[in-house]
Amino acid sequence: MKLSTRARYGLKALIDLGLHCETEAVSIQSIAGRQNISDSYLEQLMAKLKKAGLVESTRGAGGGYRLGRPAEEISVGDVLRVLEGSLEAAQCSGMEDESACENHDICVTKYVWKRINDSITQAVDTMMLDQLIEESRKKQKEKM
1 MKLSTRARYG
11 LKALIDLGLH
21 CETEAVSIQS
31 IAGRQNISDS
41 YLEQLMAKLK
51 KAGLVESTRG
61 AGGGYRLGRP
71 AEEISVGDVL
81 RVLEGSLEAA
91 QCSGMEDESA
101 CENHDICVTK
111 YVWKRINDSI
121 TQAVDTMMLD
131 QLIEESRKKQ
141 KEKM
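For what it's worth, UniProt numbering labels the leading residue of the sequence shown as 1, then goes sequentially.
Calculated from the structure, these hints are not laboratory results. Hints are supplied without guarantee of correctness; some may be wrong.
[Stated by the list, open to error] Using 20 Å as the maximum straight-line C-alpha spacing, the simulated DMTMM-like pairs for lysine to aspartate or glutamate come out as follows:
hint, residue 1, residue 2
1, K12, D130
2, K139, E22
3, K114, D125
4, K12, D39
5, K2, D125
6, K12, D78
7, K50, E22
8, K138, E22
9, K12, E24
10, K12, E73
11, K50, D39
12, K48, E84
13, K12, E142
14, K50, D78
15, K50, E73
16, K114, E88
17, K48, E73
18, K138, E72
19, K50, D130
[Stated by the list, open to error] Per label pair, the in silico range of CB-to-CB distance:
hint, residue 1, residue 2, range
20, K114, G33, 40 to 50 Å
21, E102, E24, 52 to 62 Å
22, T109, D39, 43 to 53 Å
23, T23, W113, 38 to 48 Å
24, D39, E102, 44 to 54 Å
25, R115, S57, 35 to 45 Å
For every residue, glycine included, the Cβ atom is placed at its ideal position computed from N, Cα and C.
Generate coordinates for the entire structure from the input sequences, incorporating the hints supplied.
This is the structure in structure tokens:
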């Protein structure tokens, strides 16, 4: 499975937002500038994240974006599914419905695909945004 720039930039933007939205809403321009992402591309990503409830926005002076729920309640998996869709590395019709696979009675590769998919799901669903924000804070302090 290869993640697109949507996932990579979207996750970077949410980490940045988590770092900077504690006192006020954060503008697209400030996130884009710090993360070196195009404003227009980031606007598209934020619209998807907003629709999913991962971010919320405020219009007008002092407006911008905030996390839609606490960072400890947002998993990397939540973000990736919103921006990428399914996270399955391999799809096999026999995993969902054995009758959909003509070789279901002799094929064992479905167990390989299921194990890989389950591992990915477990990994991304147990990494929480607050952990990444804290790690980012540590990296920034080390850099100083």
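Each hint tested on the structure:
no., hint, verdict
1, K12 with D130, "holds (13 Å)"
2, K139 with E22, "holds (19 Å)"
3, K114 with D125, "holds (16 Å)"
4, K12 with D39, "holds (14 Å)"
5, K2 with D125, "holds (17 Å)"
6, K12 with D78, "holds (14 Å)"
7, K50 with E22, "holds (18 Å)"
8, K138 with E22, "holds (17 Å)"
9, K12 with E24, "holds (19 Å)"
10, K12 with E73, "holds (17 Å)"
11, K50 with D39, "holds (16 Å)"
12, K48 with E84, "holds (11 Å)"
13, K12 with E142, "holds (19 Å)"
14, K50 with D78, "holds (12 Å)"
15, K50 with E73, "holds (15 Å)"
16, K114 with E88, "holds (9 Å)"
17, K48 with E73, "holds (18 Å)"
18, K138 with E72, "holds (17 Å)"
19, K50 with D130, "holds (18 Å)"
20, K114 with G33: 40 to 50 Å, "holds (43 Å)"
21, E102 with E24: 52 to 62 Å, "holds (59 Å)"
22, T109 with D39: 43 to 53 Å, "holds (45 Å)"
23, T23 with W113: 38 to 48 Å, "holds (46 Å)"
24, D39 with E102: 44 to 54 Å, "holds (50 Å)"
25, R115 with S57: 35 to 45 Å, "holds (40 Å)"
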